[in-house]
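S.K.: So the sequences go chain by chain: C and L.
The opening position of the first sequence corresponds to residue 1 in our numbering, with each subsequent residue numbered one higher.
The opening position of the second sequence corresponds to residue 1 in our numbering, with each subsequent residue numbered one higher.
Please keep in mind that the hints were generated in silico from the structure rather than gathered at the bench.
Please note that the accuracy of each hint is not assured.
[Said to hold, decoys possible] No farther apart than 27 Å at their CA atoms in a straight line, the calculated lysine-lysine pairs in the BS3-like style are these:
| no. | chain 1 | residue 1 | chain 2 | residue 2 |
| --- | --- | --- | --- | --- |
| 1 | L | K140 | C | K172 |
| 2 | L | K632 | L | K73 |
| 3 | L | K140 | C | K134 |
| 4 | L | K71 | L | K61 |
| 5 | L | K527 | C | K172 |
| 6 | L | K662 | C | K147 |
| 7 | L | K961 | L | K856 |
| 8 | L | K140 | L | K662 |
| 9 | C | K400 | L | K961 |
| 10 | L | K527 | C | K134 |
| 11 | L | K71 | C | K147 |
| 12 | L | K410 | L | K71 |
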Amino acid sequence: MKKSLLQFGLMAMLASTIFSCSKSSSSETVTVSTPPFQLGQAVSDASPLVGSIKGTMLTGKTYTVGGDILINASDTLLIQPGVTINMGQSGYNFGVKGTLLSLGTKAQPIWITVAGITKTDLPGAPMNTDPAYKGMWCGINCDSSCKLVVIKWTHIEFTGAVLTNSMITGNKPGSNSYGMFFQNPNTVFVMEDSWFYGALDDCMRPNCKFSIMRNTFEKCGSPAIGGDIINVKSGGTGDAAYNLIVGAATNGTKASNKGGTPVQTNCRFYNNTYVHCGYKQPAPVGRAGSWNFEEGAKGMAYNGLVINCRTGLRIVANPLADTANISYGYNFNYGDSQAVYNWIYPPADLSYPQSTDIPAFTPAGYVKGQAVPVYTYTGTVGANKPMFVNFPLPAQIVNKLIDIQAVGSFDFHLSSSSPCIGKGYTGFSPLAVVPVNPIYGATEITPPGADCGAFQSNGTGNQH
Amino acid sequence: MSFIVSKRLKFSSFIFIASLLVCTFSNARTTASGVEIEGSVRDANTKEYLIGAIVYLKDTKLNTATNLEGKYKIKYITPGKYILVCKYVGYKIKEQELTLSEGVKELKVNILIEPISTELNEVSVIDTSINKESDLFNRKLEINAPSVINSISAKTIQLSPDITVANVLQRVSGVSVDRNANGEGRFAIIRGMDKRYNYTLVNGIKIPSPDNKNRYVPMDIFPAELLERLEVIKALTPAMEGDAIGGAINLVMKSAPEKFIFSANLSTGYSQIFFDRPFSSFNSGVINPKAPSEINGPTYQAVPSDFPRANLSYKEITPAPNTNFGFTIGNRFLKNKLGVIVAATYQNSNRGSNSQVLLPSSQPGAASSKDASLNNGMLVQFSDYNGRQYSTQITRMGAHVFMDYKLNKKNTFTLYNGIIRMSEIQTRHQIDTVLEKTRTAGPGTGEVHEQDRSRMTTQTIYNSTLQGKHQLTHNIKVDWSLVYSIATSETPDWAQFERIHGVSLKNANSPVDSNGNQVLTPTSINKMTSRWMHNTDQDKTGYLNFSWTPKILKRDVEFSTGGLMRFKNRSSFYQEYTLQPIPNTDGTQQLWTNIIDARYQFLGINAGLGAPTDANNYTVDENITAMYGQVKFDPIRNLQLIGGMRVENTYENYTTAQDPSKFIGANGTRKYQDMLPSIHFKYALTSHQNIRLSYFSSISRPGFFEIIPYSIPGESWTEMGNVYLKHTQADNYDLRYEFFSKGSNQLMAGVFYKNITNPIEWALVKEGTSGLILQPQNYGNATNYGFELVFTKFFGAFGIHANYTYTNSSITTYKQIYYHDAAKNTNTFDSIAQTRPLQGQSAHIGNFSLLYKNSKLGIDAQLALVYTGRRISQLSGYYELDYWQKAFTQLDFSAEKRAFKKFFVFVKINNILNSPLITEIVYPNKYMTGKLMLPMQDNANSVTVEKEIFYQTYLIGLRYKIN
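One chain only, chain C, in its complex shape:
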């Protein structure tokens, strides 16, 4: 009996092995070599780049820019993985009238940066001397004729110089530039798995069709000027999700329909992590926070993870956001102090407490749909720590919450005990206004995740 049982067991194991082998054999894993994708002629790295550029920048090369550069309306510039572009400290403009493809990979990211800069990322580093707030070049400025910009696994750094000419329509000489600027509702803009570090004013104005996913933004907006990270004006439609935003001057993600295009601003902001945002805005009251909707904009705001920001989600009453078409909830807010909790729902705004929010609380005197003079948090301050892998809370600041400006050695992945896990809402879809394509579109439009914030416990979301 014992023997026959053993025999049966062996046979069962054998059978199951055969069965499973026969199943997997139906699809081989095949790897073949492909030549690197190239468009047109290679761009020469022999002398500094000035004026019109097109073709391909080749893997491993370093290009130096020596003047304003421009991709003409019918041209495309392809940047292969592992390219470094040194934009210099002379305020040069990177203009796009045609198509820009910056296709880095996780193994070989692209750098569009300034050579020879030492970053100072420790909390409390002095801001007046920080190279992130010096504005060294004018960013990537897209004319209304620009068709497509794809940025994958690319570092863009140290933008914000003052514009000196009108090479690109919509650029005003004498004004501080934005890190990236779009102005045609039909332009397609994809930014994935990339890094943006240092800007004087707004990091980007994607007034176009966009998918901005799984990126890390640090040190954007100087304390003298302010500035939002993703500042969407009229004509901007798309998804901004799984982004880690640290130390935004004013807002991390902001949607407004100001600017008069026929396309209403429509943004789905979800699964973003906002850390210590809103403290560099010069205005003492009334604006700045973490994320907001204002002036006729519509969209969704779900699954946000908001840590020690000046306010929680704001839905602005004047100028009035398109409140009828904004939905939100499942947002996780944390603060080191009572003051931070008290501003999760700014009293004058139209963003009301949701039962799905964490912590879910109902302020005294709250009437649904009506702003009350004060939202006082009566729960325990700091009780709902999000349990990051390495971001001790209360924050290890030198003096004030403004001291946290960069990721540095912190790690904003969720530890397995995080209360953010499983608190997200997955019952909606991305707007998905850009094509999915390894070269000419998004690699992946990641749907909403089950965990609040940019990093998912199942390994999806932000890959940094």
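Go by the hints and put chain L onto chain C.
M.R.: Just chain L, lined up with the frame of chain C:
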């Protein structure tokens, strides 16, 4: 002249002083019995009644002067033999013997006096023996003019409450003015046609503009005192430049007299506003006349120490009284061949205004559907509430020298040199409250920006004209002019800085004081902006005209031809620097102590370059060549006809500061030609009545800046020039009846109609697919019609002068409607046609003046009222959301009294009613109550967006006059 005003003297005190003056004017005569002589004084040739002629009995103290109807009366004469003497400027003295016998109560003596004939005056069309500065001369001018004009005499100007030409203009029939921040008129709108449709002449020569973008000339730059007369020409003859659709304003400056003249005046005054609040002054002496980039070259990176701060440090002072003085001196030399007049004037005044402004958000809330009527339409939202205080020191200087040299009977040369300069040193304090999302009726909360601005602008117009007039044969004449004119404007270091503080909410979340009340957060420093702007507009023009007057069929027929060539160079410089505060090392904001100690930096590479390629840097060359042919004759008795054709060629060439290798349209050219026919009929019903009918074709050229394809991104929309902008063309029709009766009595009634092709309007238009831009555009056709009525009537010592103009213009343009598209569940824009009046056009404008004249006592007084009906002051890009300026009524008073023999005392009080200038959006007002309540709201049917208050101004002075 010592009229000292204590700081706290109130308006009532002024009224008291003014009434004292009036009382001394009207002291009653003693009564007695005797004979009475009465009658009229008339021109022996024209039979015109003459006003102000002196009538007296020789070797007695009995004397009088003719009144506004040209009549006189001398009472209480003891019977006996007398010599009755009549004297009048420009006329021969007339003496006649009278015998007044006992028993006769009244005697009627009508006097005819003869003008002093001066043979050298043949050149001029109109008999110059009459004092050119008199009202009578101007009535004659109107009746003799070949086309439709209105004219105002120097005497009328002198007696009016006005000291600038712009303010005089508003009293002309069919003219209204745009006001500047001080409440004074600045630009003229003629028959509802905006300032762009009119031009300005000095002695018939077009002058360039000190404006940095446009052609029109600010009329407040001209002191009224230098004028011999002011003409508003509403129908153009072929000999006139053809680019006026509303009309042309001709400033005729004082010309050389026939004999020695001298006059001088000195006056002082005050503005009521500075009894109520101090004047804010700054040190304009530290202002750098040139930008750092002009001093050190365009690649220079400015540093914060390049910018003085003392011009942003303010002192509250009680300003010194305003002072005005001027003189005119003229004579003839070299056996009367050379005539010279020199006139100069200086006006220094301190003006102020207080205003409140609501700034709208860039776009309104969406309408619930596309078919928006006012009730379900777009919701206007406001982002900011501004309180503004202006303190402005205005200095006007004008000087001119006019010389004529009458070589002989056939050849005359004149040389005119004139310079006009106005400088404004202005402080603006602004408190900008960002309208908090949820407001209560109590104290506001939120973000407050305090903005202080210092501006010094100097505008200058210089004109030099050499003219010759030659009688070649008995019926051929030629005249020529060589003209050099330059207009400049300089605004060095227009500087503004900002401080920010917050007003906390009254709740536990916000900082509160120990009593739980709202507190102000500490004030921090925000950005500072400095601009340098200067521009010049220089004309070199030559004119040549021939006329030949043969007798055809026993009638004089005048053929004339001629033309002009003008080379214009215009350039504009603009540089702007923005300095940012240096935050504290920990990233917190720098707190405010004072402007001198504030720490600023240039932030961002190239910030120190400023804005060297700003679109406002440009040059335009414009060459105009024009020729005309004109004929003037009387086809039948009493009917005069002037007609002809004018051809104008325009060539323009512009250059911007943009790099032509990077920017489309960095430079370019345009040219066009216009054929402008016109015909004018004048039918004299009697010697005092005319009927006029005229047609003329005219154009209006776009502003210099508008034709450049610049692009300036704004907060809401990008503003763009339009190189394809067409010039405006118009067909103009006029019909007018004129009646001039004795004295200055007058009645004019007229109708006009204009058909305007390609009017230029600023509007929001779609650019490609990217959105809306604000751009000057041509909009098909517009019409403008109306009627004018001018009425002057004197009743003895009193007179009334009234004019009224009705204007109806209509233009249809596309506006944006922002609405909710229910089918697509999205908010979007669409274009919708809106028909409205032209910008600046009031349906009703009018003047009413009550005049008092007692020639015997040397008193002139008037109470003048100006009414400007509601009009669009600013166009909105959105359907039916234009800014309307509410009807505005201003009441002014002026009086003059002969004090001693050649001395006159005068007083002028402006804006007696302290009328506020209110701007509104006609839209159901949702801001009157509740938490959305806004200041200034008192009308349920319109939202008040701006309210400016200018207060009264007073002036008292002394004038001395020989001849």
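S.K.: For every hint, state whether the structure bears it out.
M.R.: Here is how each hint holds up against the structure:
no. : hint               : verdict
1   : L:K140 with C:K172 : violated (57 Å)
2   : L:K632 with L:K73  : violated (44 Å)
3   : L:K140 with C:K134 : violated (72 Å)
4   : L:K71 with L:K61   : holds (19 Å)
5   : L:K527 with C:K172 : holds (18 Å)
6   : L:K662 with C:K147 : holds (19 Å)
7   : L:K961 with L:K856 : holds (17 Å)
8   : L:K140 with L:K662 : violated (61 Å)
9   : C:K400 with L:K961 : violated (77 Å)
10  : L:K527 with C:K134 : holds (16 Å)
11  : L:K71 with C:K147  : violated (85 Å)
12  : L:K410 with L:K71  : violated (40 Å)
Checked against the numbered hints listed earlier, the structure breaks hints 1, 2, 3, 8, 9, 11, 12; every other hint is satisfied.
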